[in-house]
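*Asks:* Given only the sequences and the hints, what does the whole structure look like? Please build it.
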Amino acid sequence: KFLKAMGPPPRALVGPEHIRAELEGKAWTREADLEECAGMYEAAARALLAVKPSMLLAGCQLSDDEVRYLPGVLNACPALLTLEIAKSGLAGERAVSVLQGLEAGSLPQLSRLDLSENELGDAASTALAEALGGTAHLQASCSPKRAPRCAVELMALEELVLEECGLGPKGFETLLVALGEQQPRLVALNVSLNRFGDQGMKAFRRLKGDALKGLEDLRLVGCEIGDAGALILVEALFAGLLPAVAEVGSHQGCVDLSRNQCQQSDAALRAVLLERATKGEQRGVGRSGKSAVAEVSKLRLHVKAQKKGCSVA
Numbered sequence: 004k005f006l007k008a009m010g011p012p013p014r015a016l017v018g019p020e021h022i023r024a025e026l027e028g029k030a031w032t033r034e035a036d037l038e039e040c041a042g043m044y045e046a047a048a049r050a051l052l053a054v055k056p057s058m059l060l061a062g063c064q065l066s067d068d069e070v071r072y073l074p075g076v077l078n079a080c081p082a083l084l085t086l087e088i089a090k091s092g093l094a095g096e097r098a099v100s101v102l103q104g105l106e107a108g109s110l111p112q113l114s115r116l117d118l119s120e121n122e123l124g125d126a127a128s129t130a131l132a133e134a135l136g137g138t139a140h141l142q143a144s145c146s147p148k149r150a151p152r153c154a155v156e157l158m159a160l161e162e163l164v165l166e167e168c169g170l171g172p173k174g175f176e177t178l179l180v181a182l183g184e185q186q187p188r189l190v191a192l193n194v195s196l197n198r199f200g201d202q203g204m205k206a207f208r209r210l211k212g213d214a215l216k217g218l219e220d221l222r223l224v225g226c227e228i229g230d231a232g233a234l235i236l237v238e239a240l241f242a243g244l245l246p247a248v249a250e251v252g253s254h255q256g257c258v259d260l261s262r263n264q265c266q267q268s269d270a271a272l273r274a275v276l277l278e279r280a281t282k283g284e285q286r287g288v289g290r291s292g293k294s295a296v297a298e299v300s301k302l303r304l305h306v307k308a309q310k311k312g313c314s315v316a
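Using this note's numbering, you'd call the opening residue of the sequence shown number 4 and step up by one each time.
Derived by calculation from the structure, the hints in this document are not laboratory data. Computed from a predicted structure; not experimentally measured. Note that CB positions come from ideal geometry on N, CA and C, so glycine has one too. Just to be clear, a hint being listed does not mean it is correct.
The calculated lysine-lysine pairs, modelled on DSS-like cross-linking and capped at a C-alpha distance of 25 Å, are [claimed, not checked]: (1) Lys173 x Lys90; (2) Lys173 x Lys211; (3) Lys173 x Lys205; (4) Lys216 x Lys205; (5) Lys173 x Lys216; (6) Lys55 x Lys90.
DEER-style ranges, computed between Cβ atoms [claimed, not checked]: (7) Gly243 x Pro111: 26 to 32 Å; (8) Leu59 x Ala191: 17 to 23 Å; (9) Glu34 x Arg188: 45 to 51 Å; (10) Glu122 x Gly42: 36 to 42 Å; (11) Leu59 x Cys257: 24 to 30 Å; (12) Lys173 x Glu20: 30 to 36 Å; (13) Lys173 x Asp213: 24 to 30 Å; (14) Ala30 x Gly95: 37 to 43 Å; (15) Arg23 x Gln202: 45 to 51 Å; (16) Ala30 x Ala191: 46 to 52 Å; (17) Ala126 x Arg188: 22 to 28 Å.
*Replies:* Right, here's the structure in full:
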């Protein structure tokens, strides 16, 4: 009945606060009927959205109206666990408008977010970083009018998928720093097919302490990463960052650097680390209080140099 009331064709998304506007376009015998139906449909929509566990919009080319409605729909979904909006036309400013439309504290239980194949760009990357909890400098830059939007946080997030989202070095750095500061529960991060290259990999040097301590699965496939970028990642693992990935003997930890531009083998990268560690033990101790040399010799590192790229597991 609700879909019929909207008229053909059925809309993919209509937020509770927009139902009245949709119904006002219909012919009504009495104004009281409009008020009664609008109230009934609004209440029903909010009740349904309040318990909705997933929203799968992958492949839907959202119209301008649906992009405008989407933040209201998401704000009414406190129980949402999975949100997939891959390949839905959320490029640039359209993505920014959705992310900035999220209210403080919305989506408190969201554990999986997939925005793949949407050309986010740097502006949307910054908006996403704010939604993820933001970084100190991003939060400081929020105007009073936008301050609540910087507190969405998404603190239950465990899996973030951003394949082929047009992330450059700046966008990737903004996101990685925000994730490192505000997402302790993140287990899987997929940023494959984004061309941030070695310059973007420098973002790992900005991570501090136990940033991303729970991350077990890191996908960096086809990101135009060369030997320099791979070495930065290996150094981050050696320095104690991403401990769940680097855990010796772990069968869950995985870093995928396939289809990149690495030329060195795992032995070559390990030799570079070993040389640095041996020179007076400049870096002090390793992750578990043992010598740096011992840590390098134990590090579970597998890099295959190949014509089409390299892989680390």
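*Asks:* Give a verdict on every hint.
*Replies:* A quick look at each hint next to the structure:
In summary, the hint linking Lys173 to Lys90 is supported, as the alpha carbons are separated by about 22 Å, within the 25 Å threshold. For the proposed pair Lys173 and Lys211, the alpha carbon gap of about 18 Å is at most 25 Å, so the pair holds. Under the criterion of a C-alpha separation no larger than 25 Å, the hint pairing Lys173 with Lys205 is consistent with the structure, at around 10 Å. With a C-alpha separation of about 18 Å, the suggested pair Lys216 and Lys205 falls inside the 25 Å cut-off, and the hint holds.
For the given pair, Lys173 sits about 23 Å from Lys216 by alpha-carbon distance, which is consistent with the 25 Å threshold. Between Lys55 and Lys90 the alpha-carbon distance is near 22 Å, which keeps this suggested pair within the 25 Å criterion. In this structure the hint that Gly243 and Pro111 lie 26 to 32 Å apart at CB holds, the actual value being about 30 Å. The hint said 17 to 23 Å for the Cβ distance between Leu59 and Ala191, and at roughly 18 Å that hint holds.
For Glu34 and Arg188, the hinted distance range of 45 to 51 Å is satisfied, since their beta carbons lie about 49 Å from each other. The hinted window of 36 to 42 Å between Glu122 and Gly42 holds, with their beta carbons roughly 40 Å apart. The given range of 24 to 30 Å is respected by Leu59 and Cys257, whose C-beta atoms sit roughly 25 Å from each other. Here the CB-CB span from Lys173 to Glu20 is close to 35 Å, well matched to the stated 30 to 36 Å.
The hinted range of 24 to 30 Å is satisfied by Lys173 and Asp213, whose Cβ atoms lie roughly 25 Å apart. One distance hint, 37 to 43 Å for the beta-carbon pair Ala30 and Gly95, holds here, with the actual separation near 38 Å. The hint said 45 to 51 Å for the Cβ distance between Arg23 and Gln202, and at roughly 49 Å that hint holds. Separated by about 51 Å at the C-beta atoms, Ala30 and Ala191 satisfy the suggested range of 46 to 52 Å.
Against the hinted window of 22 to 28 Å, the Cβ-Cβ separation of Ala126 and Arg188 comes to about 26 Å, which satisfies the hint.
Comparing the model with each earlier hint shows no violations; every hint is respected.
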